[in-house]
Amino acid sequence: MSKIILIGINHKTAPVELREKLSFSGEEAIVALEFLKQDKDIKESLIFSTCNRTEVLYIPQAGDQTNDQVDKIIEFISHQRKIDSSEFKSSLYIYKEDDAIRHLFRVASSLDSMVVGEPQILGQIKQAYRVAVENNASGVLLNRLMHKAFSVAKKVRKETGIGDNAVSISYAAIELANKIFSDLSQKTVMLLGAGEMAELAVEHLISNKVKDIIVANRTFKNAVDLAQKFNGQAVKFEEREDALKEVDIIISSTGATDYVLTQAQVKRAMKKRHHHTLFFIDIAVPRDIDPKINTISNAYVYDIDDLKNIVESNIEQRGKETVKAQRFIEEAVLKFRKWLEGLAIVPTIKALNDKISSIVDIEFNKTLSNLKHLSPEDIQAIKRMTQAIASRTIHDPILFLRNTGDHRDDSLYLNVTRQLFNIDIPEKQ
Amino acid sequence: MNLQTADMVLVLTTVLYFTSMTGYLLFLFNQKSACQKTAFYLITTAIVFHFISMVIYTIASGHVPIQNLSQSLSLAAFALGSMFLFFQYKFNLKILGVFVSVLLSAIMLAVVMIPDAPVEKNAILRGFWFYSHILLVFTGEAALALACGAGILYLLQEKGIKTKSPGFFFKRLPSLDFLDNVGYTCLTTGFALLTIGLVTGFIYAKTIWGRFWSWDPKEVFSVGTWMVYAALLHLRLYSGWRGRKSAIMTIIGFFIIIFTFLGVNMLLGGHHQAFTK
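Protein chains in written order, with our numbering: chain A, 1 to 429; chain B, 1 to 277.
For reference, chain B alone in the conformation it holds in the complex (with noise of 0.2 Å):
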């Protein structure tokens, strides 16, 4: 058990994500419900994969990986891959292999390349308001990728449907109203998800700093982007915000998450930052 073995596995579970996503493409295209379950198969094996390889590396060097961009990467990755099982086997949906096979595959691609930063010890990064924070946010955002992903469906499949003419999609997609769902369902998870990782962040936050809240950047950010997934649902809930405008929501919502998770860190800096070198 060592860091080269973890390695290897993160290399070998990034390949079977490249393969199943390659098999989620010959899906799209040519529908064969084979090729849907080999992929499906081969995403499910690449996730367990993932798991093993962190495994690997918390046992070999006595902590988590989520201690530079690399890992962190790999982390959302991994959150991403477990959330899509769950809804996958909660929605069924097939065709959203498709969107997380290679929104995964970039992730890991990245992972891969991106030469990892030297990892220092950091005392404070344990304990359990700590792990409980790290766990709730990247679920709760892998969650609301996946409601993003349902929110391009539901754009592909509208605009066939409004400018009559059922196109390469029509087939493919299942209706607006499930894909409605599908998204709805994502993104209250989701956001459940993320405002108990924000608590536990303040209270991990007060039992290191002393205070719930430092005007961080990161701080700023994360607590814009839940509420504009905060506005999003109360527009849905009390002024009727479904379909189209709240799919375009949810998308606008990850960019911001992206935004929050990579950018904030790149261009302003704060206490997350290390995470990301």
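Same shape as in the complex, but just chain A (with noise of 0.2 Å):
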């Protein structure tokens, strides 16, 4: 039978130093799958390679019951990555059979991520798995098992909330902007301070797309860098509450020991916007904005440790989400394997049946050689009966490997029956 292998590092196992040298860019990632295809004794192959993780996950061809090719993998990967084996091999985790299809649903399922629930996830693994498929590196064993892993995928993060929370700052600051303005993208942000904070949260809503950025720093030529950086327009800090008529979200984060904004100034430049929302985001510790700010109305004012409150309950929800998304996972795997046995019990039959008509129909033309006064119709009538009676004797073997109970190791019976009847079966689906 079919052995599933996967080999890898992650996140958990390895320093981001170590990860790095490891992983596969797109390319590479495909010189590599070339060389494994070439290889006889890999049947089929996908590897994985995001920031958090490289994963090689394989199919041994399965003459070689003893073998599973884990060291050749190993070096193969030291070869390809050009780092000493020695480096890396204690951070590598090796899992096979359902180890193995468990790792990968869970990974898939985003349960194996820095970041439980994040999405980008199972897209890197349709990409790798498109990868492999274009490449003719999988097979049946992995299409299916990839398609496998992408429903299971699916329907935890369908069924579960673990995507539905933010779990980090900045996405948790995105997520109540969603909420305070229906349209980000007609939207200006005003950035003050210009250091690496500023930079980190902008990244992220640049990537949803606001309209404008507006940056003020108290050294203006950093306000200036930064503006053109992100395309965006700098203004001296002494216009910021100038600038409040102008934009909808102020990201703070300047080293200023005082309140940079106060209640009187947002209350001014409330009125000359018409009292259209303001969303403060206040990142610095200590503080910028004047929590007072949030008794205006219309005005919100988030801190840093607002925010982390909510990531953390968010967190906490994101827990108890995660059991669930573990039975489904189980399942997936109990059915998958499952379905790997049935995969097995096919060839025996037919192997089992061949053998025992083989057996008959060299029997029976030795025996008629010598028989020659027989007439067609008692040829006819002994060759039936010698296949009815391989086939009654086979029957009840061949029914009991179908009939492939629920608490039985079905892959022992399928050794046994193999062995008494000394079967080989060319493993080729």
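Among the hints, erroneous ones may be present.
[Claimed, not checked] Result set (EDC-like, lysine to aspartate or glutamate): computed pairs, CA atoms no more than 16 Å apart in a straight line:
hint, chain 1, residue 1, chain 2, residue 2
1, B, 164, A, 312
2, B, 171, A, 341
3, A, 338, A, 98
4, A, 148, A, 98
5, A, 383, A, 361
6, A, 324, A, 199
7, B, 162, A, 306
8, B, 162, A, 175
9, A, 82, A, 183
10, B, 162, A, 39
11, A, 338, A, 175
12, A, 271, A, 241
13, A, 3, A, 97
14, A, 209, A, 239
15, A, 324, A, 112
16, A, 211, A, 183
17, A, 335, A, 112
18, B, 164, A, 175
19, A, 21, A, 98
20, B, 159, A, 306
21, A, 272, A, 239
22, A, 292, A, 239
23, B, 32, A, 159
24, A, 338, A, 71
25, B, 162, A, 159
26, A, 37, A, 183
27, B, 164, A, 28
28, A, 89, A, 28
29, B, 164, A, 159
30, A, 3, A, 305
31, A, 89, A, 112
32, A, 82, A, 159
33, A, 96, A, 134
[Unchecked claim] Simulated restraints on C-beta separations:
hint, chain 1, residue 1, chain 2, residue 2, range
34, B, 37, A, 155, 17 to 23 Å
35, B, 85, A, 343, 38 to 44 Å
36, A, 151, B, 37, 19 to 25 Å
37, B, 85, A, 331, 39 to 45 Å
38, A, 119, B, 159, 38 to 44 Å
39, A, 94, B, 41, 26 to 32 Å
None of these hints come from the bench; they were simulated from the model.
All residues carry an ideal CB built from backbone N, CA and C; glycine is no exception.
Assembly of the complex is requested from the two constituent chains, each provided in isolation within its own frame, with the hints serving as guidance.
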């Protein structure tokens, strides 16, 4: 029976420096797949590599049951990535059979991600699978396995709340912004402070496409630099109150020890902007935005602690949903195992049938060659009889094999059958 | 075609409204779009049957069904349902169906429970101005009821965001901007309809009683209601009363409407009284 083996490293087992060294770019993955395909000991293979993980999933040729090529694959990775195997061997995890299937399902469902529930991973795996298909590296088994992985991931996403809640500060902020404003692409963002934090926050917002970005900073030059980077405009720090008239979202991250925007300033600005909503995101410590601004109607202030609280309660929520997701995955693993076993039963039955039929044929012909006096009708009758004996003999064993009960290990009976009848199955579905 | 048939269809309609409400409440909790779709089809069917019931009644009795309290409520429910279909089509604000289906079910329950007051043939309750008055006022008030619904949803969402505790409604409701926008559109539509409705009412009064204005309590309260909404629109346009304040005002406005619709007749009397007996 075919084995399924998965070898990989991820963010839990290896630091980023090592993961970087072992990661495959799109083209490198294609080259690597080509190598694996040439190897006649490897039947099917797939490589997926993201910033948090590199995994090789493969099916070794079944002929050799004792050797599952793990060392060969490790050698192969070491050779491909030009890194000595001793450097990464201890960080590798090697999963076989059900464990490999389970791991794959967990990864696809985003249970194994650094940020559990993040949605990108499924797309990345689909991409890796597409590459494997395009390069003819995947076959019957992997195709089925990957499709199962996609469907269980979809089910987990749909039927558990695992992807519902933002579990990082910047996602929480964007989620809030989306519940305050109906269309972020019509909204302007002002950054107070041009530090690294501001940059990070804006990167997320840009991926959500806002209309315009304004940067205000005490050192004007830094404001200009950052504004240029994001195609926005820079204003003097003193102009920040005036700018409130134009902007909708304010992200503040200055190093100021005092509030850089006060309640009175925002009240004045609110009037000028006809009380259109303002959303303040204060990621500075100590705080930049006077928390009293939150009491002004149509103004919402979230500081870093507020965002952290939301994230924490979301993570807690997500933990509960994980239990449910794990149940779905276990079910899927069981189902896949059943399918795999079913796959092995059919060729065994066929081989058993073939063997008995050929014995009957040989013995029938041998006997017949000494009995020249029989009429054609007699020959037919005897032939039918021998065939009937053969099929009646193996009828019960076949029935037993087909009837895959829930509480037995089918592979055991398959092995026994093969050994009893000494049948050798060329593993080719 | 007789009155019994009309009543039977009306009961069927009520059952449909209730089933739709169940669907919408399910949708509120499990967020399955299948629930919402089913509930929406149910409410649409209910509104169609509601209309059929009124047509049968009109044919059988020879006059439109707005002669007593039960019929007036029923017409109000029908107007609300129709306006909901219109705004649902325009904004696709699915969650509004929860509010509407609950309100409709409550009204229809009242319609079915309230004993039918005997209807006297009243020659003055007909004519172009009469029908326009009824049509405009009822649809206008239905739109204002929807504005109230949007206002309630706004306040629910706003409270979670303001107090930094996004809870049950955070995921289920759309953005504040959007809710405010829906409320505002319902408000302006309702206000425009109500304005023309009142004008046609005055003209109708002139044709029947020879004068535009007769200090009837209902007239006074209707104009009062109208002025509340006019003030709200003015404040919104010129003093930036948007968001929370606007939402609260639309809710208060709707309660005044309910009082004008039912309370005035029951407590103060006047020439609109027959409709709510």
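Going through the hints against the structure:
{"no.": "1", "hint": "164/B / 312/A", "in the structure": "13 Å, holds"}
{"no.": "2", "hint": "171/B / 341/A", "in the structure": "43 Å, violated"}
{"no.": "3", "hint": "338/A / 98/A", "in the structure": "11 Å, holds"}
{"no.": "4", "hint": "148/A / 98/A", "in the structure": "13 Å, holds"}
{"no.": "5", "hint": "383/A / 361/A", "in the structure": "9 Å, holds"}
{"no.": "6", "hint": "324/A / 199/A", "in the structure": "37 Å, violated"}
{"no.": "7", "hint": "162/B / 306/A", "in the structure": "11 Å, holds"}
{"no.": "8", "hint": "162/B / 175/A", "in the structure": "14 Å, holds"}
{"no.": "9", "hint": "82/A / 183/A", "in the structure": "48 Å, violated"}
{"no.": "10", "hint": "162/B / 39/A", "in the structure": "62 Å, violated"}
{"no.": "11", "hint": "338/A / 175/A", "in the structure": "42 Å, violated"}
{"no.": "12", "hint": "271/A / 241/A", "in the structure": "12 Å, holds"}
{"no.": "13", "hint": "3/A / 97/A", "in the structure": "6 Å, holds"}
{"no.": "14", "hint": "209/A / 239/A", "in the structure": "25 Å, violated"}
{"no.": "15", "hint": "324/A / 112/A", "in the structure": "15 Å, holds"}
{"no.": "16", "hint": "211/A / 183/A", "in the structure": "10 Å, holds"}
{"no.": "17", "hint": "335/A / 112/A", "in the structure": "21 Å, violated"}
{"no.": "18", "hint": "164/B / 175/A", "in the structure": "13 Å, holds"}
{"no.": "19", "hint": "21/A / 98/A", "in the structure": "29 Å, violated"}
{"no.": "20", "hint": "159/B / 306/A", "in the structure": "15 Å, holds"}
{"no.": "21", "hint": "272/A / 239/A", "in the structure": "15 Å, holds"}
{"no.": "22", "hint": "292/A / 239/A", "in the structure": "21 Å, violated"}
{"no.": "23", "hint": "32/B / 159/A", "in the structure": "10 Å, holds"}
{"no.": "24", "hint": "338/A / 71/A", "in the structure": "29 Å, violated"}
{"no.": "25", "hint": "162/B / 159/A", "in the structure": "30 Å, violated"}
{"no.": "26", "hint": "37/A / 183/A", "in the structure": "49 Å, violated"}
{"no.": "27", "hint": "164/B / 28/A", "in the structure": "47 Å, violated"}
{"no.": "28", "hint": "89/A / 28/A", "in the structure": "21 Å, violated"}
{"no.": "29", "hint": "164/B / 159/A", "in the structure": "27 Å, violated"}
{"no.": "30", "hint": "3/A / 305/A", "in the structure": "50 Å, violated"}
{"no.": "31", "hint": "89/A / 112/A", "in the structure": "20 Å, violated"}
{"no.": "32", "hint": "82/A / 159/A", "in the structure": "43 Å, violated"}
{"no.": "33", "hint": "96/A / 134/A", "in the structure": "25 Å, violated"}
{"no.": "34", "hint": "37/B / 155/A: 17 to 23 Å", "in the structure": "21 Å, holds"}
{"no.": "35", "hint": "85/B / 343/A: 38 to 44 Å", "in the structure": "54 Å, violated"}
{"no.": "36", "hint": "151/A / 37/B: 19 to 25 Å", "in the structure": "23 Å, holds"}
{"no.": "37", "hint": "85/B / 331/A: 39 to 45 Å", "in the structure": "42 Å, holds"}
{"no.": "38", "hint": "119/A / 159/B: 38 to 44 Å", "in the structure": "29 Å, violated"}
{"no.": "39", "hint": "94/A / 41/B: 26 to 32 Å", "in the structure": "54 Å, violated"}
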